[in-house]
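Trainee: Based on the hints, put chain G in the right spot on chain H.
Listed below, chain by chain, are the residues.
Protein chains: 2
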Amino acid sequence: MDRAIVVAAAQMGPIARSATRKDVVLRLLAALRQAHARGAELVVFPELTLTTFFPRWHLTDPAEIDAFFETEMPGPETLPLFEEARRLGVGFYLGYAELAAEEGRTRRFNTSILVDRAGRVVGKYRKVHLPGYDAPQAGRSSQHLEKYYFEPGNLGFPVWRSMGAVMGMCICNDRRWAETYRVMALQGAEMILLGYNTPDDHTGNFDSDSLTGFHHQLSVQAGAYQNSTWVVATAKAGNEEGSRMIGQSMIVAPSGQIVAMATTTDDEVITARCDLDMAALYRRTIFDFARHREPDNYRLIVERKGPVAPPQEP
Amino acid sequence: MDRAIVVAAAQMGPIARSATRKDVVLRLLAALRQAHARGAELVVFPELTLTTFFPRWHLTDPAEIDAFFETEMPGPETLPLFEEARRLGVGFYLGYAELAAEEGRTRRFNTSILVDRAGRVVGKYRKVHLPGYDAPQAGRSSQHLEKYYFEPGNLGFPVWRSMGAVMGMCICNDRRWAETYRVMALQGAEMILLGYNTPDDHTGNFDSDSLTGFHHQLSVQAGAYQNSTWVVATAKAGNEEGSRMIGQSMIVAPSGQIVAMATTTDDEVITARCDLDMAALYRRTIFDFARHREPDNYRLIVERKGPVAPPQEP
Numbered sequence: 001m002d003r004a005i006v007v008a009a010a011q012m013g014p015i016a017r018s019a020t021r022k023d024v025v026l027r028l029l030a031a032l033r034q035a036h037a038r039g040a041e042l043v044v045f046p047e048l049t050l051t052t053f054f055p056r057w058h059l060t061d062p063a064e065i066d067a068f069f070e071t072e073m074p075g076p077e078t079l080p081l082f083e084e085a086r087r088l089g090v091g092f093y094l095g096y097a098e099l100a101a102e103e104g105r106t107r108r109f110n111t112s113i114l115v116d117r118a119g120r121v122v123g124k125y126r127k128v129h130l131p132g133y134d135a136p137q138a139g140r141s142s143q144h145l146e147k148y149y150f151e152p153g154n155l156g157f158p159v160w161r162s163m164g165a166v167m168g169m170c171i172c173n174d175r176r177w178a179e180t181y182r183v184m185a186l187q188g189a190e191m192i193l194l195g196y197n198t199p200d201d202h203t204g205n206f207d208s209d210s211l212t213g214f215h216h217q218l219s220v221q222a223g224a225y226q227n228s229t230w231v232v233a234t235a236k237a238g239n240e241e242g243s244r245m246i247g248q249s250m251i252v253a254p255s256g257q258i259v260a261m262a263t264t265t266d267d268e269v270i271t272a273r274c275d276l277d278m279a280a281l282y283r284r285t286i287f288d289f290a291r292h293r294e295p296d297n298y299r300l301i302v303e304r305k306g307p308v309a310p311p312q313e314p
Numbered sequence: 001m002d003r004a005i006v007v008a009a010a011q012m013g014p015i016a017r018s019a020t021r022k023d024v025v026l027r028l029l030a031a032l033r034q035a036h037a038r039g040a041e042l043v044v045f046p047e048l049t050l051t052t053f054f055p056r057w058h059l060t061d062p063a064e065i066d067a068f069f070e071t072e073m074p075g076p077e078t079l080p081l082f083e084e085a086r087r088l089g090v091g092f093y094l095g096y097a098e099l100a101a102e103e104g105r106t107r108r109f110n111t112s113i114l115v116d117r118a119g120r121v122v123g124k125y126r127k128v129h130l131p132g133y134d135a136p137q138a139g140r141s142s143q144h145l146e147k148y149y150f151e152p153g154n155l156g157f158p159v160w161r162s163m164g165a166v167m168g169m170c171i172c173n174d175r176r177w178a179e180t181y182r183v184m185a186l187q188g189a190e191m192i193l194l195g196y197n198t199p200d201d202h203t204g205n206f207d208s209d210s211l212t213g214f215h216h217q218l219s220v221q222a223g224a225y226q227n228s229t230w231v232v233a234t235a236k237a238g239n240e241e242g243s244r245m246i247g248q249s250m251i252v253a254p255s256g257q258i259v260a261m262a263t264t265t266d267d268e269v270i271t272a273r274c275d276l277d278m279a280a281l282y283r284r285t286i287f288d289f290a291r292h293r294e295p296d297n298y299r300l301i302v303e304r305k306g307p308v309a310p311p312q313e314p
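First to last, the sequence lines map onto chains H and G. Under full-length UniProt numbering, the letters of the first sequence match residues 1 to 314, in that order. Under full-length UniProt numbering, the letters of the second sequence match residues 1 to 314, in that order.
There's no promise every hint is true.
Copies of one chain are not kept apart here, so a pair can be met inside one copy or by any two copies together.
[Stated by the list, open to error] Only pairs whose alpha carbons sit at most 16 Å apart, straight line, appear in this in silico EDC-like list of lysine to aspartate or glutamate:
no., residue 1, residue 2
1, Lys147, Asp288
2, Lys305, Glu294
3, Lys147, Glu294
4, Lys124, Glu70
5, Lys305, Asp288
6, Lys22, Glu70
I should point out that these hints are in silico values taken from the structure, not numbers from a laboratory.
So that you can see chain H by itself, here it is in the shape it has in the complex (with noise of 0.2 Å):
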C-alpha cells in the first residue's frame, strides 16, 4: 500500500498592518489553487497567517489588540479558505491569534488548526513555548512581546491521525526545543506541521542574529532526523513594517535531508512527495524507542524547569 502524502509550504511575503483579512485570504487562496495544481494534497500556511506580526510592537487599546484576533474558525472571512479547499479536496494547517472565552475569561492564544480534506478542523494546537517577554524591553527597535498577548497553549503536542497518517503541530519558536518533536514522537507522529514568523534581530547580537537560517534549519532538521517524522515548515517572511524575517520555508525528510526549500522571502509554495514509510527504516534501527530509550535517566527534563548548577569549586 502506497503511504505517500505529496505536501505544499504556503510560504507567505510580508504582510502590512493595513492588510484586510480579504486582501490575505486572496493570497491564501491563490497559494492553495498553485499547490493543488502541483498535485498537494495537504498545505501548510505559515503562524499568525491572517495579520502582520503584531508581537512586534506593544500595544495597549483593547479594541486595536483585539483586532488582530479571531474569535471563530471559520469566520466570513476565513470561510472562503474552507470552502475552496473542500472543494480541491485539500487538507490544511493555519496559524491565527484565537479569542477564546473559557474558564468564564476571555483567553488568547497563537493557536494552529489542522483541517481535513472535507473541510473539517480535526485538530488545534496552542503554542506552547512563547518566546520573547511579557513587557517591552528596551533598546529594541521591534519588541518580542508574545508573553504579553498570549498564555502558553494548553492542549498539551497532541496528534491526530488524519489524511492517510499520523499528524502532529506546532509553531515556530516551538521547534527550537527537542521536546516539542519527543513528546509528538512517542505518540507516533509521521508528519509535523509547523509555521513560523522568524525575524533577523531576536538577540540584538549580530554575532548570533546571522546565523538565523543556521538555527532554523539546525533545529527543524535536528527534530526530524531525532523522531523519524517528516516536518512541514513554513514562514511567514521578508521585510514586514520594517521587521526582517527569514524565508527558508521546507519540507525535512525523516533523514534530516531538506527535500524542498524556498528560495524567496515572499508568496512561494514548495510540494514535495513525503513517503511516510521511509521513517520505518530508522524506527527499527538507531531510533527504535522501545529498545533504545532509557526514561530512568531523563527524569530531569519534566522535574526540573530552569538549570541548577553544581556549587562552585572551594
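Mentor: Quick look at chain G alone, frame taken from chain H:
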C-alpha cells in the same frame, strides 16, 4: 575574568585487533604532547580508546572478551598517560571498556573518565544509550553488539565542576538523543565531552548509511545550540579491521557552529579556544530555560519508553 579554555580533540585512526595497550598508549602520548604544544589544557580521546572496536564481532570466549576490558584505571599500561598529562598540566577524557565488580557480580560498561590537570580522576560516566543488538544479526558484515557486551550505564548523566567549567560526558550514540544534552544542561553543563566509534554501515541501507557524517554533525550541532553548551566530539576513525568508521571529530560552539574539524580518518589533533561565556547570550535570550521551558507538557518523555500511536481510523 577570562573564562576561556583551550581544548583538543585527539582523534585516533584505526586500532588493529593485534595492537597492544602499549602501542595505543604511545599514540595517545604523542597526541597529548602535540595538543599541549598547541596550548591545550584539556584533551578528549575517543570512546573505547584502548582497543579495536570489538563489538563488531560476536566473541564467546570469556578470556578473549575480558582482554578488551580494563579492571583498573589507571592500570600499569595506562599509567604513563596519566603521568605525562599531570606533568604537562593537561586534563583529559578517556573512553574504555570497564569491567567492574559491583553488587556481588561482574559488570561491564562502556565508560569514560574525566581526569583533571593534576592527574586525578574527577568523574566517571557509563554509556546510557547502547545501540545495536544483544545477539548477532544475520547478513551483516560487521555486527553491532554493544547490548551484548555492556549493560546500560547506571550513573545517569552527571556533571562536574572541574578545570574552571561545568563539564559533562557522554559516549557515541548518546549524542543522537536530545535527552542526553538536556539533562546535563539542566545541571548547568558548559562543555560536553564525547568520544565515538561510528561505522558507516549502521542500518545496512545505503540511502541512510551514506548520511552517517551528516547525522553525526546534525546531532552534535543541534545538541550544542539547543543547550547553549560547547561539545568536543572525538572519533576513532578509519578502516579498522575492515569496518569503515567516520572521522569528523569536531569542536562545536554554543551557537551550533563547528569551530574545528578533523579532515582525515587517522590520528589527528584539532584544537579550539572555547570561551565559556559565549553561552551567556543564548542562555539569557532564546534558551533561558527558566523563562521558556514548559515541563508540564513534557511528561511523556519520562512516562513512555516506546511510541504509542492513536488508534486506526475506523
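Trainee: For every hint, state whether the structure bears it out.
Mentor: Hint by hint, here is what the structure shows:
Within a single copy, Lys147 and Asp288 get their C-alpha atoms only as close as 37 Å, which misses the 16 Å cut-off; across copies the closest is 14 Å, which meets it. When the C-alpha separation of Lys305 and Glu294 is checked against a cutoff of 16 Å, the pair qualifies only between copies, where the shortest distance is 7 Å, while the shortest distance within a copy is 20 Å. Taking CA atoms no more than 16 Å apart as the test, Lys147 paired with Glu294 passes between copies only; the shortest distance there is 13 Å, against 34 Å inside one copy. Within a single copy, Lys124 and Glu70 get their C-alpha atoms as close as 14 Å, which meets the 16 Å cut-off; across copies the closest is 55 Å, which misses it.
When the C-alpha separation of Lys305 and Asp288 is checked against a cutoff of 16 Å, the pair qualifies only between copies, where the shortest distance is 10 Å, while the shortest distance within a copy is 28 Å. Taking the shortest Cα distances, Lys22 and Glu70 sit within 16 Å of each other inside one copy (13 Å), while across copies they are farther apart (72 Å).
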